[in-house]
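Participant: Can you make the complete structure from the sequences, with help from the hints?
Chains A and B supply the protein sequences, listed in that same order. In terms of our numbering, the first sequence opens at residue 1 and continues consecutively. In terms of our numbering, the second sequence opens at residue 1001 and continues consecutively.
Some hints here could point you the wrong way.
Stated by the list, open to error - Distance windows between CB atoms, simulated: (1) A/Glu-283 <-> B/Ser-1196: 56 to 64 Å; (2) B/Glu-1018 <-> A/Gln-71: 14 to 22 Å; (3) B/Asp-1083 <-> A/Glu-308: 55 to 63 Å; (4) A/Asp-358 <-> B/Gly-1212: 52 to 60 Å; (5) A/Glu-92 <-> B/Asp-1289: 38 to 46 Å; (6) A/Ser-196 <-> B/Glu-1380: 49 to 57 Å.
Said to hold, decoys possible - Lysine-lysine pairs mimicking BS3-like chemistry, simulated, CA-CA at most 27 Å apart: (7) A/Lys-21 <-> B/Lys-1248; (8) A/Lys-43 <-> B/Lys-1043; (9) B/Lys-1021 <-> A/Lys-248; (10) A/Lys-160 <-> A/Lys-224; (11) A/Lys-79 <-> B/Lys-1021; (12) A/Lys-21 <-> A/Lys-387; (13) A/Lys-10 <-> B/Lys-1010; (14) B/Lys-1047 <-> A/Lys-47; (15) B/Lys-1160 <-> B/Lys-1361; (16) A/Lys-346 <-> A/Lys-21; (17) A/Lys-47 <-> B/Lys-1043; (18) A/Lys-10 <-> B/Lys-1225; (19) A/Lys-307 <-> A/Lys-346.
What the hints assert, rightly or not - The following residues of chain A were derived to be distant from chain B, with all beta-carbon distances above 10 Å: (20) Glu-75; (21) Asp-152; (22) Glu-159; (23) Glu-190; (24) Phe-210; (25) Arg-250; (26) Asn-281; (27) Glu-286; (28) Asp-289; (29) Phe-310; (30) Asp-312; (31) Asp-359.
Please keep in mind that the hints were generated in silico from the structure rather than gathered at the bench. This structure is a prediction, so every number in the text was calculated from the model and none was measured. Where a beta carbon is used, it is the ideal one built from N, C-alpha and C, also for glycine.
Number of protein chains: 2
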Amino acid sequence: MTQFSERILKTPASFIREILKVIQKDDIISFAGGLPNPVSFPKEALKQSMERVIDQYGDEVFQYSSTEGYQPLREWVAKRYRDEYQMDVQAEDILITTGSQQALDLMGKVLINPGDALAIEEPGYLGAIQAFTMFEPDFCPVPLLDDGLDLDKLELILEKRNVKLLYTVPNFQNPTGLTYSVEKRKQMCELLNRYSAYLIEDDPYGQLKFEGEVFPYISSFGLKKSVVFGTISKIITPGMRLGWICTKDRELMSHLVTAKQAADLHSNIFAQYAVYDYLMNHELNEHIDHIKDLYKKQSDAMLQAMKEFFPDSVSYTMPKGGMFVWGSLPEGESSLKLFDRAMEEKVAFVPGNPFYVDDTKAVPTFRLNYTNSEPEVIREGIRRLGKLMEIY
Amino acid sequence: MTQFSERILKTPASFIREILKVIQKDDIISFAGGLPNPVSFPKEALKQSMERVIDQYGDEVFQYSSTEGYQPLREWVAKRYRDEYQMDVQAEDILITTGSQQALDLMGKVLINPGDALAIEEPGYLGAIQAFTMFEPDFCPVPLLDDGLDLDKLELILEKRNVKLLYTVPNFQNPTGLTYSVEKRKQMCELLNRYSAYLIEDDPYGQLKFEGEVFPYISSFGLKKSVVFGTISKIITPGMRLGWICTKDRELMSHLVTAKQAADLHSNIFAQYAVYDYLMNHELNEHIDHIKDLYKKQSDAMLQAMKEFFPDSVSYTMPKGGMFVWGSLPEGESSLKLFDRAMEEKVAFVPGNPFYVDDTKAVPTFRLNYTNSEPEVIREGIRRLGKLMEIY
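Facilitator: Laid out in structure tokens, this is it:
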């Protein structure tokens, strides 16, 4: 008899992690990971900020600190929601987390009893599936359409089940790159206000919109049970593991703080001081513009190459921001088989499987990341994939 | 009806955290927290290491990284177990965690089903009680004697229950400051090898032994199901949140890695590089000697003042390392009442309650921390407490 918990036996090791192990070799063109381009790391500026906070604050950047996070950083995050999204957010509505991966863990911890209904986009972010699986929910996948969730299907599920949580990535979704339309956001807000589920809007990519204004959050149309996740991972550095949860629900926040304390006491306080100092001394939006310009070029390179090399029977999304393109082979084909052949040609991507709650079925879909390769490398990788796709 | 999970509704907010909020004022003498003296933070050296790793490694210190941790740091930790404890530990036996608080969360996650028996020292570390409560175990407290656990009581519990985990802090225990004798360690090893429970030896303070050689781990006598926790929090910096789990159990390790990945992907990689660079360029044992000298002076100041000012009816431990003294008022008295009176005299400590699995009973015990006040301040605080104790 196993000694291990039921929750861990149910939780899959990450498929992507296993893939990343295989493709560590230098000569493989990888569209598999979700790594930001290092151009997004303001290295020298962070180095100066680190020196400055040590000189300026001394011991307190190395000491134990408060679970909620560094107060000035919480205030900065709140102000950004006010300035960029016209949302009524204060510092007390912000809990600093160890990356937004931890935010997933904490939300699962404080809300999910085994068997509770948890609605999630299909396909959906595999890190969320993994984190929530740990709390043994009954996953209710909701199909993702081009303009956001299928609201008819969502309503059926909300009617039938006491859904605790609805997890979404409304901007440049992982894995599809799709974005919810403003109209759909309004409709979702109206629908959800008739039920008791908390909506999570996990938003690592929203700031990376290639053109035009950022979209309003679903919750900004007046949603009562709202939780928004944010992170510096895609705009400053992922290695520091800093994200946050934003919610005005005081009871939920109080439970999240207790869960966070039990999980790791607090997030790296030195990193919080350093990042705050960086934000005070640099214009974040200019830095983000720089990242967007680069990602737009990389995305264009991928989409142009796909147009040139992929057969018409292979469809794909055309993201307007973020880091991913989502493709689909003809119905009935298996992207996992394509993956095996692609590896022989030294090109890697992620087959669609781990983005479905039931990851055992063969699926024709696959995810391509464009942020971590140069345009000419992207073109060559897509060319090789296109060659393999000639059979479809 | 509440929407929140059963686990979070059972989990207490930290008592100490609530106390720390009350005593933020400058004029309060606090023996309440468990903060290391800032002398243990090698600030300038860490600053140099940070500059160096940014210059030397560039982007990779800011990028996503592996769940297991920075390989050279894992190797350093393994080598330290080999060199200082003659234990057969390799890098693959080490998982870097976000402080050892996360190690508690991960162990609970991968082992504990609701209702599973979990044995723990009584009194025991409140952070462990809080972290494990989240997984709804049936706590089986085992009395802590002057030389370690009461093995007769432990054996009764092991006989009766299928204990999944036994949690201990064998060196300068939190809250008591007590240390398991070498003889008791051998006996525990023999006893535990007859059962299937994993032993956790959580060891934040073991290196802070004022005099003589460090004690061997219980597991070093040949324990099969062994997990040792370590941390840099008390010897370098707690603010960076870096600890580790050491186990040679491959199946357990594989589950821990999956749980860690779901929890926060990986620990701050920049901090791992910086701390490793610090370790490569400085003699850690010399730095630890410096901390020990200081803590010994602070401990002496507290014990001398207690001898002078406390009535004979109040007993206390005489720690030979670590950060805490554990006191006891006469049987039947409540340390919580003393706490209220002490706050009026502007002295804070932690009443014993949160260190018991059932924290609702009045207890005569209390914890004093000596590492975060100057000797003359310690003396004044103990003098005030002694005055309040004249009624016993």
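Participant: If a hint holds in the structure, say so; if it does not, say that too.
Facilitator: Evaluation of the provided hints:
| no. | hint | result |
| --- | --- | --- |
| 1 | A/Glu-283 <-> B/Ser-1196: 56 to 64 Å | holds, 59 Å |
| 2 | B/Glu-1018 <-> A/Gln-71: 14 to 22 Å | holds, 18 Å |
| 3 | B/Asp-1083 <-> A/Glu-308: 55 to 63 Å | holds, 59 Å |
| 4 | A/Asp-358 <-> B/Gly-1212: 52 to 60 Å | holds, 59 Å |
| 5 | A/Glu-92 <-> B/Asp-1289: 38 to 46 Å | holds, 43 Å |
| 6 | A/Ser-196 <-> B/Glu-1380: 49 to 57 Å | holds, 54 Å |
| 7 | A/Lys-21 <-> B/Lys-1248 | holds, 22 Å |
| 8 | A/Lys-43 <-> B/Lys-1043 | holds, 20 Å |
| 9 | B/Lys-1021 <-> A/Lys-248 | holds, 22 Å |
| 10 | A/Lys-160 <-> A/Lys-224 | holds, 21 Å |
| 11 | A/Lys-79 <-> B/Lys-1021 | holds, 25 Å |
| 12 | A/Lys-21 <-> A/Lys-387 | holds, 25 Å |
| 13 | A/Lys-10 <-> B/Lys-1010 | holds, 24 Å |
| 14 | B/Lys-1047 <-> A/Lys-47 | holds, 10 Å |
| 15 | B/Lys-1160 <-> B/Lys-1361 | holds, 25 Å |
| 16 | A/Lys-346 <-> A/Lys-21 | holds, 14 Å |
| 17 | A/Lys-47 <-> B/Lys-1043 | holds, 15 Å |
| 18 | A/Lys-10 <-> B/Lys-1225 | holds, 23 Å |
| 19 | A/Lys-307 <-> A/Lys-346 | holds, 21 Å |
| 20 | Glu-75 | holds, 18 Å |
| 21 | Asp-152 | holds, 25 Å |
| 22 | Glu-159 | holds, 18 Å |
| 23 | Glu-190 | holds, 21 Å |
| 24 | Phe-210 | holds, 23 Å |
| 25 | Arg-250 | holds, 13 Å |
| 26 | Asn-281 | holds, 17 Å |
| 27 | Glu-286 | holds, 19 Å |
| 28 | Asp-289 | holds, 19 Å |
| 29 | Phe-310 | holds, 28 Å |
| 30 | Asp-312 | holds, 35 Å |
| 31 | Asp-359 | holds, 14 Å |
Checked against the numbered hints given earlier, this structure breaks none of them.
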